[in-house]
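Student: Both chains are sitting in their own frames, so use the hints and assemble them into the complex.
From first to last, the protein sequence lines are chains A and B. FYI, in the working numbering the residues of the first sequence are 1 to 152. FYI, in the working numbering the residues of the second sequence are 1 to 287.
Hints may be right or wrong, so weigh each one.
[Unchecked claim] Each pair of labels, with its calculated beta carbon distance range:
| # | chain 1 | residue 1 | chain 2 | residue 2 | range |
| --- | --- | --- | --- | --- | --- |
| 1 | A | H122 | B | I225 | 25 to 35 Å |
| 2 | B | I237 | A | E131 | 48 to 58 Å |
| 3 | A | T106 | B | M118 | 24 to 34 Å |
| 4 | B | D60 | A | Q38 | 41 to 51 Å |
| 5 | A | Q38 | B | K13 | 56 to 66 Å |
| 6 | B | S211 | A | V30 | 23 to 33 Å |
| 7 | B | S89 | A | R27 | 19 to 29 Å |
| 8 | B | E212 | A | D139 | 45 to 55 Å |
| 9 | A | D34 | B | S148 | 46 to 56 Å |
| 10 | B | M118 | A | E131 | 36 to 46 Å |
Because the hints were derived from the structure by calculation, they are not lab data. Each residue gets a CB set at the ideal place from its N, CA and C atoms; glycine is no exception.
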Amino acid sequence: MDAKFVNPFIDAFMTVMPQIGFQDITRKKVSVKDKSAQSLGVTVLVGFTKQIRGNVAYNMSEETAKYIASTMMMGMPVEEFNDMAQSAIAELSNMLTANAATNLATLGYDVDISTPSLSVGHDFVVKISSEQYLAIDMDLSGHKIEINISLQ
Amino acid sequence: MEKIRVLVVDDSKVSRIMMASVLSRTTFQICDYAKNSMEAVEKYRSLNPDVVTMDMNLPDGDGIECSRKILEINPNAKIVMISAMKDASLMMRGRTVGINSFLQKPINANELIDTLLMVCQSTENSIDVLRESYVKPFIKVLQKNLFSLAGLHSKVDLELDKDDFLDVTGIAVIIGLTGVPMGRAILHMDTQTMNRYSKIMLGMSEEEDLSEEEASDSVEESANIIVGRSVSMINDICKDKEMRITPPGTICGHRIRIVNPKLTSFNITASTRLGDFKMNIGFAEGE
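The following block holds chain B by itself, in its conformation from the complex (with noise of 0.2 Å):
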C-alpha cells in the first residue's frame, strides 16, 4: 500500500521524535520536517505532502498564519493542528482560515492516526458516499411527496452545489440535521409556485385568497414531512448511526443569499407543472 506522505511543522525536537516514534509502523510516512514557519511554506511547495502536522508556536510566526500561506498555495491543503491549547478562540481562527482538524498535546498516538486517516480520505470518495448514502433518499422522498401531498408528478435533477451559496426569492425552509453526519437541508421556491402548491395542499380554489401566512405554513409543513422521511429513510439503511432533524426555521423576502461556509452540498430540483420545487442539502466536513 502506498504510504500516506506526512510533512512536520515543528520547532522542538522532542516532539519531532515523538511524532516519528508514533507514526513508524503505521501507513504514513515523514516526509519531511520544518522547524519554522518559513521552512514549512518552501518544503510544501517542493513536497507538496498528502497532509501536513502544524504546531500551533513557531519561532518566526504562528501556526494559522503559516496555514494560511499553504492554503493560498493549495486551497484544498490537508492540515492538522496540533497546540498546548485548544482554546475557543484558536479553533475559531484556525477554521476561518480553513483547518478544519485540532489536536492538543500531549498527543495521543490513536487519536492522532484517527485525525490524519480521517482528513486523508479522499474527497471524491467523500462525495459519492454523501450523494449515494444521504442525497439520493431525499430525492426518493421528495418525488414521492410531491404525488401523495399534491398529485404532481417531477422530473428531478441531482449536482453537486458549486457555489457555496444559494439565492432564494420566496420561501426557503431550513432545517437541521443533527448526528452523523450533520447539516441541514433547505426546501425553497420561488413566490408562485409556493402560493400554487400550497392552494392545492389546502384545497383551495385557484380564484380564492390565499395568505401569506397560509402559503409559507404549507410549504414549512411539506419540507418537514419531507426531511423527516429522508431521514428516517437513511437511518434505516445505516442502522450504526443516527440523524435527528432540528424544527424548521423559515426565510422569507426578496433577493436573499443563503451562504454555506465549509458544506459540501447538492442541488436537486423537482420540475413539476406548478414550477420548480428545489432542496439544497450540504452536510458539514468533517472535524
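For reference, chain A alone in the conformation it holds in the complex (with noise of 0.2 Å):
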C-alpha cells in the first residue's frame, strides 16, 4: 500500500477531532501490518470505492468509545455502550472517512465512500487486507484510536 494515503487520514483526524470537542489529540506510531487487526473491543469499517478501493477499520475499546461518545455528546454521561452512542461512533467514523475522502480528492482521487459498519465483541479480528497494510495509531487524550487502511 503507497504512503502517500496515510496524511489524508490524519489530517482528517486533526480537523475533525477538535471540532466535536476534542483538544488534546496526538499521533502515536504508524505500523505495517498483515491482514488482520484484532479488535479491541469496537471497530468501525468504511469501504471506499472508484478511483481508488480498499477499507479502513477504526478500532478502539469500548472504554473509549464510551468517552467518544459522551465528548461528542455535549459531555453527557454514556454508561453503557448503547444505541445513541453506537450511532455516534457511526457518525464519527463516516465523518472522517468523508473528510479523508475529500483530501483524496484534493490529491487528484475521485473516491466514494461506503456507509459504516460498526461491530461489536471480544473476540474478533478484521480482515482488511489480502497482504500488508498501515495502521496509525492516534491518541486523544489518553485513549487509543487505532486507524488501520487498506487502500489501492
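Tutor: Okay, structure coming up:
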C-alpha cells in the first residue's frame, strides 16, 4: 500500500476531532500490519470505491468509544455503549472518512465511501487486506484509536 | 390531492414569510408556526403535522434539543433542520438524535421542496421498493451461486430486519454498496457451515484439514462474487443509477454484534444441507 494515503487520514483526524470537542490529540506510531487486526472491542469498517478501492477500520476499546460518545454529546454521561453511543461512533467514523475522502480528492483521486458498519465484541479479528496494510495509532487524551488503512 | 401539512419552527418573522411564499402553490400547506422550542413541542403534539422545518437557533434552546423532544413524542417524526451554518459538528449531533435532512440558509426554493418531498415519501412505500428492486436480485443470485459454486440447493426466506443488529459467531463478510441507494451487504454463517462449504469449494474431502485462513478466504471470495453479481443485475435493471461495491472486510470470531445504526435492512436465510447461509442487506435512509 502506498504511504501517501496515510496523511489524508491523519489530517482528517486532526481537523474533525477538534470540531467536536477534543483538544488533546497526538499522532503515535505508524506500523505495517499483515491482513487482519484484532478488534479492541469496537471496530468500524468503512469501504472505498472508484479510483481508490479498499477499507479503513477504526479500532478502539469500548471504554474509549464511550468516552468519545460522551464528549461528542457535549459531556452527557455514557454509562453503557448503547444505541445513542453506537450511533455517535458510527457517525464519527463517517465524518472522519468523508473528510479523508475530500483530502484524497485534492490529491486527484475520485473516491466514494460506503456507510459505516460497526461491530462490537470481545473476541474477533477484522481482515481488511489480503496483504500488508498500514495502521496509525492516534492518542486522544490517553485513549487509543487505531486507524487501519488498506487502500489500492 | 391531499396537502402535506408542515409545522414551521422559526423565531424570525421574515423567515416565516419566506417559507410561506415558497410553499404556496405547492403540495405543502403550512398548518402552523412555532416561534420557540416549547411552542414547537406543544404544537407538534396537538397538530401532528406530516413534517417539521426546524430552525437551529431558537430563543429558548437549540433546534436539536427541540427535535429530540419531538422525536420522543413520535420516533418517526420527519424533521428538516435549517440553519445558517451547516457545520460538521451540528450535523453529527443532529443525526445522532435522528434528524436526517439539513438545509442551509438562505433557503433555495427548489432545494426545500425536493427535501420535503424526499423526507415525506412514505416509509412503507420505500421498503417495498427496496425489497422488490434491490433485495430480490440478491436472493436470486445467492441461490444460483450456492448451486453453481458448491452444488447446493437452498430454501430461501426473506424478512425485514426489526432488530437493528446482527449477532454472529463464525464469519461475516461485509461489502459496502456505494451510489444510489447506499448501504452494505453482509454474508454470514456459523463456523461449521463455513468449514463444510469451504471444503466443497476447495475440492477437499471431509477428512482433510482446512486452515482457518483457507476457510475464511473461500467465504470471502463467494461473498464478493454473490454481491458483485447482484449489484450488476440491479444496475442492468435500473439503468439510470450505478451502484458499486467496496472490497470485502471480513470479521471472524465469537459473539460479535454488528449494529446497523439507521439502516433499513433485510435478512435473507438460505437453508441448505450444509447449514444456513445468511445475508443482511441494509440501505441508508435518505440524506
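Student: For every hint, state whether the structure bears it out.
Tutor: Verification of the supplied hints:
Distance hint check: the CB atoms of A/H122 and B/I225 are about 32 Å apart, consistent with the given range 25 to 35 Å. For B/I237 paired with A/E131, a C-beta distance near 35 Å fails the hint of 48 to 58 Å. In this structure the supplied range 24 to 34 Å holds for A/T106 paired with B/M118, their Cβ-Cβ distance being about 30 Å. A hinted range of 41 to 51 Å for the beta carbons of B/D60 and A/Q38 is consistent with their spacing of about 49 Å.
Restraint check, A/Q38 to B/K13: a C-beta distance of roughly 59 Å satisfies the suggested window 56 to 66 Å. As the Cβ distance of B/S211 to A/V30 is approximately 30 Å, the hint placing it in 23 to 33 Å holds. A C-beta distance of roughly 22 Å is found between B/S89 and A/R27, which places it inside the suggested range of 19 to 29 Å. The hint said 45 to 55 Å for the Cβ distance between B/E212 and A/D139, and at roughly 32 Å that hint is violated.
The hint said 46 to 56 Å for the Cβ distance between A/D34 and B/S148, and at roughly 32 Å that hint is violated. Our hint of 36 to 46 Å for B/M118 and A/E131 holds, since their Cβ atoms are close to 41 Å apart.
Of the numbered hints stated above, those contradicted by the structure are hints 2, 8 and 9, listed in ascending order.
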